[in-house]
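Undergrad: Please build the complete structure, drawing on both the sequences and the hints.
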Amino acid sequence: MTRYEYGGDEFIFVELSEEMTLQANFKAKAITEELRKRDLTGIVDICPGNASYMIRFMPEDIHPDELIELLKQLEEEVSWKEMTIQSRIVDVPIFFDDPWTHEVLMRFRDNHQDPESTDLDYAARINGYDSKEELIKAMTDAPYLVSMIGFVPGLPWCYQMVPQDRQIEVPKYVRPRTFTPERAFGFGGAFAVIYPVEGAGGYQLFGTAAAPIFENEQKNKDFKDEITFPRQGDIFRYRSITREEYDEIREKVEAGQFEYLIKDFSYKPQDVLEDPDAFSEDVIRRLYK
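Note that UniProt numbering numbers the sequence shown so that position 202 is 202, with each residue one more than the last.
Just so you know, the hints here were simulated from the structure itself, not pulled from any lab data.
Just to be clear, a hint being listed does not mean it is correct.
[Unchecked claim] Here are the computed lysine-lysine pairs in the PhoX-like style, where the Cα-Cα straight-line distance is at most 25 Å:
id, residue 1, residue 2
1, Lys37, Lys72
2, Lys72, Lys268
3, Lys263, Lys224
4, Lys252, Lys221
5, Lys263, Lys219
6, Lys263, Lys289
7, Lys263, Lys137
8, Lys81, Lys268
9, Lys132, Lys172
10, Lys81, Lys37
11, Lys37, Lys268
12, Lys137, Lys172
13, Lys268, Lys289
14, Lys252, Lys289
Quick caveat: nothing in here was measured; it's all calculated off a predicted structure.
TA: Here you go:
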């Protein structure tokens, strides 16, 4: 059942589902897009999340109870099944089991559920894979929906577009680390993330992204208009690369000559849900053709 809550004087929070599903994410996207189209006086900001959304409004222009009634009406009227999503497919190169995140995760073993293991080995075991190589293959075989952006600038929450029973899931560390490297590729719950900047963190560490997703200096082409790269609704294909490929990409990034491989793409949510495997194959084929 949908939960509507007040957040102080200027916010309304709407939780569509207690758990993240593609259906809930598509529903939040459909409702918030319709609300944007209406361009109502008093609506300051609309922020869709994984299975929820938040509205900031000016109470002198629109009463919160009136706004909630409108949101309930939209929930009944708006169908994500009829929606067409304009998206980007993005190739995101990841150096799995790299030495830098490995050094960090080993430094914080006392914070982990299994101090005798690495994050990759632990995640492979609890997800039923015989090796970390099998886990990496499963993570890179199917693309991910960027379902939300936050909690720090540009951090993409990525939910793999596979049937529910094939979702990879791992817990966060028992206690957060006080340090996580910039561009670390992590996994927590059912979400893959890339840390835009260094800082604290609690997700399992599997590797590092070769290219930035946040660039304050805006040196590279993909950052000319925005200092952050990911957009909600993007489809990321995480691709495993070697140390040699990683070093080549880093040289291009430092020289301001890197550019993500991107293909514009439109699709209907029903395409994903009816046959996720066929959808994944189509996405990857379009990206590299």
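Undergrad: Hints first: check each against the structure and report whether it holds.
TA: Taking the hints in turn, this is what the structure says about them:
1. For the suggested pair Lys37 and Lys72, the alpha carbons sit about 17 Å apart, so the restraint of at most 25 Å is met.
2. Our distance criterion of 25 Å between C-alpha atoms is met by Lys72 and Lys268, whose separation comes to about 23 Å.
3. Between Lys263 and Lys224 the CA atoms are separated by roughly 18 Å; this keeps the pair inside 25 Å, and the hint holds.
4. For the hint pairing Lys252 with Lys221, the CA-to-CA distance comes to about 11 Å; that is within 25 Å, so the pair holds.
5. This hinted pair checks out: Lys263 and Lys219 have alpha carbons roughly 21 Å apart, not beyond 25 Å.
6. The suggested pairing of Lys263 with Lys289 holds, with an alpha-carbon distance near 10 Å, which does not exceed 25 Å.
7. Between Lys263 and Lys137 the alpha-carbon distance is near 23 Å, which keeps this suggested pair within the 25 Å criterion.
8. Between the alpha carbons of Lys81 and Lys268 the distance comes to roughly 7 Å, so the proposed pair stays at or under 25 Å and holds.
9. Distance check on the hinted pair: Lys132 and Lys172 sit about 18 Å apart at the alpha-carbon level, within 25 Å; holds.
10. Straight-line distance between C-alpha atoms of Lys81 and Lys37 comes to about 18 Å, which keeps the hinted pair within the 25 Å bound.
11. A distance of roughly 19 Å separates the Cα atoms of Lys37 and Lys268; the hinted pair therefore holds under the 25 Å criterion.
12. Distance hint between Lys137 and Lys172 is fulfilled; the C-alpha atoms sit about 21 Å from each other, no more than 25 Å.
13. Pair hint Lys268 plus Lys289 holds up; C-alpha atoms about 21 Å apart against a cutoff of 25 Å.
14. A distance of roughly 23 Å separates the Cα atoms of Lys252 and Lys289; the hinted pair therefore holds under the 25 Å criterion.
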